[in-house]
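A.B. asks: With the hints as constraints, model all of the structure from the sequences given.
Each chain is listed here by its residues.
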Amino acid sequence: MSGHVSLQYSSPPVQKSIKDAEPRWVRYLLITIAVGFLGLFLVLPLAAIFIKAFDKGSAVFFAAISSPDALSAIKLTAIVALITVPLNAVFGVAAAWAVTKFHFKGKSLLITIIDLPFAISPVIAGLVFVLLFSTHGLFGQWLLDHNIKIIFAVPGIVIATLLITLPFVARELIPLMQTQGTSDEEASMTLGASGWKTFFLVTLPNIKWGLLYGIILCSARAIGEFGAVSVVSGHIRGMTNTMPLHIEILYNEYQFSAAFAVASLMSMFAIITLIVKNVIEWKAKKSMIPEEGVS
Amino acid sequence: MSIQIRDISKSFGNFQALKNITIDIQTGELVALLGPSGSGKTSLLRIIAGLEAADQGAILFGEEDMTYISTKERKVGFVFQHYALFRHMTVFDNIAYGLKVRPRKNRPTKQEIEEKVYELLNLVKLEAFAKRYPSQLSGGQRQRVALARALAVEPKVLLLDEPFGALDAKVRKDLRRWLRKLHHDYQITSIFVTHDQEEALDVADRIVVMNEGKIEQIGTPEEVYEHPNSPFVYHFLGDVNLFKGRLHQGKLKDGSFEVDAPEFAGTINKEAVGYVRPHDITIERVSSPDAIMAMVSYIHLVGAVVQLELIRADTGSFLEAEVTKDYFRSLHLKTGEEVYVKPKQLKVFIPEDYSI
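So the protein sequences, as listed, match chains W and X.
Residue numbers for the first sequence follow the numbering used here, beginning at 1 and rising by one.
Residue numbers for the second sequence follow the numbering used here, beginning at 1 and rising by one.
Keep in mind the hints are simulated off the structure, nothing from the lab.
No experiment lies behind these values; they were computed from the predicted model shown.
Some hints here could point you the wrong way.
[Said to hold, decoys possible] Distance condition first, Cα-Cα at most 27 angstroms in a straight line; then the derived DSS-like pairs of lysine-lysine: (1) Lys110/X - Lys197/W; (2) Lys101/W - Lys105/X; (3) Lys285/W - Lys105/X; (4) Lys19/X - Lys197/W; (5) Lys197/W - Lys105/X; (6) Lys72/X - Lys208/W; (7) Lys19/X - Lys105/W; (8) Lys52/W - Lys208/W; (9) Lys208/W - Lys100/X.
C.D. replies: Below is the structure:
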């Protein structure tokens with residue numbers, strides 16, 4: 001569910017005509033390799049999840065996903081996503097706006113820092129917060145005095161997820177807003193529109209598909225994040241278990257069918273995400289291409 | 001509304017884009033800012049619009065100091081080089097935008113907006129395109145929508161950044177004529193930026209020639225074309241022949257060519273360059289005082305004017321000349337023939353004072 005594929009906004013790939021293509025057998029060989037590889041390492045495991053999930057019949061499946069622990073994991077995952085995704089969407093738009101519409105010193109540093117969560121291991125991201133907020137951590141004593149629990153509690157999970165999913169919206173919007181430039185906003189200003197009106201009437205419609213795409217990637221990651229959350233959550237059943245953590249616990253307890261049942265639920269979400277992502281890409285392309293149109 | 005540009009300077013990092021620019025523009029004037037890329041003309045236009053802040057100097061509209069007034073409050077019409085139409089809005093909504101975003105108390109009613117938009121659509125001859133999106137229009141049509149959008153807010157000042165830059169030659173010429181007519185009908189003080197000398201000479205009441213962030217010359221098209229005050233303006237506005245020689249006591253000598261330069265009577269033995277427009281070179285079959293011999297190397301016959309390429313007999317350097325077709329016929333010239341040439345009008349500059 002993680003990973004980051006950038007949208008092709010600016011230049012759609014050049015369509016090669018059949019005549020220019022490689023000989024037929026090369027094409028078929030390449031296609032076979034690609035399809036075979038995908039089938040072996042992607043489709044087969046994915047199918048296995050669903051097969052395994054219904055291994056012991058649908059009764060076990062529904063029992064697994066409706067057990068109190070599972071339900072609480074689903075609820076917690078939803079809460080985490082509902083908090084982190086809007087925050088990161090706002091941050092992403094603000095950061096992309098700052099980077100693309102203004103000149104200031106340290107701009108490239110800011111872009112690099114935004115990318116940092118992509119580069120560091122999620123486990124380290126989790127550990128950082130343990131170091132900061134645990135009882136023996138930097139702010140541990142202060143938090144203890146004020147009776148605030150972050151590590152091994154929901155706030156810790158939210159903060160860790162927030163860090164991990166920080167780049168998604170911003171990274172999606174920066175290249176898009178860079179190619180669009182600032183003249184639309186400038187035009188709006190010369191016509192007497194205020195900053196807010198310019199944002200809502202001009203900027204937002206221009207970036208809506210990119211923003212939506214970023215939000216989808218961000219949610220997918222927020223729901224699926226394991227490493228960082230695992231470090232800070234403490235795995236308290238029914239309290240601080242998100243769906244990926246719940247799956248791990250079930251698996252470690254040899255409840256394979258139940259583990260795969262919850263896993264299949266997450267996979268379903270992933271597949272829906274992919275479909276929505278493709279629809280958005282298609283829509284975005286449709287709204288971009290005519291721009292080059294007749295002249 | 002008149003515009004006063006007072007001592008404007010602007011730097012981008014180490015690059016000084018504008019140096020002490022001062023221009024007075026009268027109400028209703030149509031002024032061209034002409035210069036090569038990097039000459040600062042677009043920066044100046046953006047400073048007038050408030051899209052960029054000057055490091056120094058002031059901008060006045062009428063008697064009102066606009067230097068610290070935001071773009072939103074300046075009420076200028078600005079037409080962008082690449083139109084900057086809102087792609088997700090129809091032509092109608094694009095033009096109505098400036099009226100729709102007004103605060104409620106000054107906002108016209110829906111019906112008033114509609115009337116205004118259709119009046120402007122009529123002006124730019126795009127009534128049939130109201131429901132279209134910008135992507136469904138040609139370049140020239142988009143440019144007209146951009147202009148209508150800028151005019152919708154009834155600006156006192158209209159600023160155009162390379163308005164015809166991205167269009168092909170034919171459409172350009174039509175739009176140029178149309179802009180001049182529009183300006184004539186509406187009498188909005190207008191400034192447009194261009195790097196195309198022909199466009200500036202054709203459309204503007206006055207031309208400000210800019211180079212490297214400075215003003216080279218301000219004047220009517222006739223003034224800047226006929227009496228350039230620097231080698232740069234000579235080069236930038238039209239073709240020019242150079243006579244590189246030595247200036248001594250009011251005479252410029254170049255090979256066997258000698259010409260009077262009375263304004264330099266006091267100059268002793270300095271390097272200098274004489275500038276002559278191709279149409280200021282006379283061609284004759286017979287020798288006359290001051291004329292030099294040259295060979296016709298190429299004749300370009302298309303159009304009302306005949307362009308000749310000549311090789312000077314004394315120095316071997318090239319000259320370009322233009323004569324009318326009638327005069328050319330009376331000479332019966334052929335390639336390779338020898339003629340006598342003489343400048344009708346020549347302006348001398350000493351290179352030390354000017355560097356190009």
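A.B. asks: Does Lys72/X pair with Lys208/W here, judged by a C-alpha cut-off of 27 angstroms?
C.D. replies: Distance ~25 angstroms between Lys72/X and Lys208/W Cα, so the pair holds.
A.B. asks: Has the given pair, Lys19/X with Lys105/W, been kept, meaning a C-alpha gap of at most 27 angstroms?
C.D. replies: Roughly 25 angstroms separates the two Cα atoms, so the pair holds.
A.B. asks: Lys110/X and Lys197/W were given as a pair; does the straight-line alpha-carbon distance stay at or below 27 angstroms?
C.D. replies: 18 angstroms, holds
A.B. asks: Take a quick look at whether Lys101/W and Lys105/X sit within 27 angstroms of each other, Cα to Cα.
C.D. replies: 31 angstroms, violated
A.B. asks: Assess, step by step, whether the Cα of Lys52/W is no farther than 27 angstroms from the Cα of Lys208/W, and give holds or violated.
C.D. replies: 39 angstroms, violated
A.B. asks: Given the hinted pair Lys208/W and Lys100/X, is their alpha-carbon gap at most 27 angstroms?
C.D. replies: 22 angstroms, holds
A.B. asks: Are Lys285/W and Lys105/X close enough, with their CA atoms no more than 27 angstroms apart?
C.D. replies: 40 angstroms, violated
A.B. asks: Tell me if the straight-line CA distance from Lys197/W to Lys105/X falls inside 27 angstroms.
C.D. replies: Holds - the C-alpha atoms of Lys105/X and Lys197/W are around 16 angstroms apart, at most 27 angstroms.
A.B. asks: For the pair supplied as a hint, Lys19/X and Lys197/W, confirm whether the alpha-carbon distance does not exceed 27 angstroms.
C.D. replies: 35 angstroms, violated
Consistency note: the structure conflicts with the earlier hints numbered 2, 3, 4 and 8.
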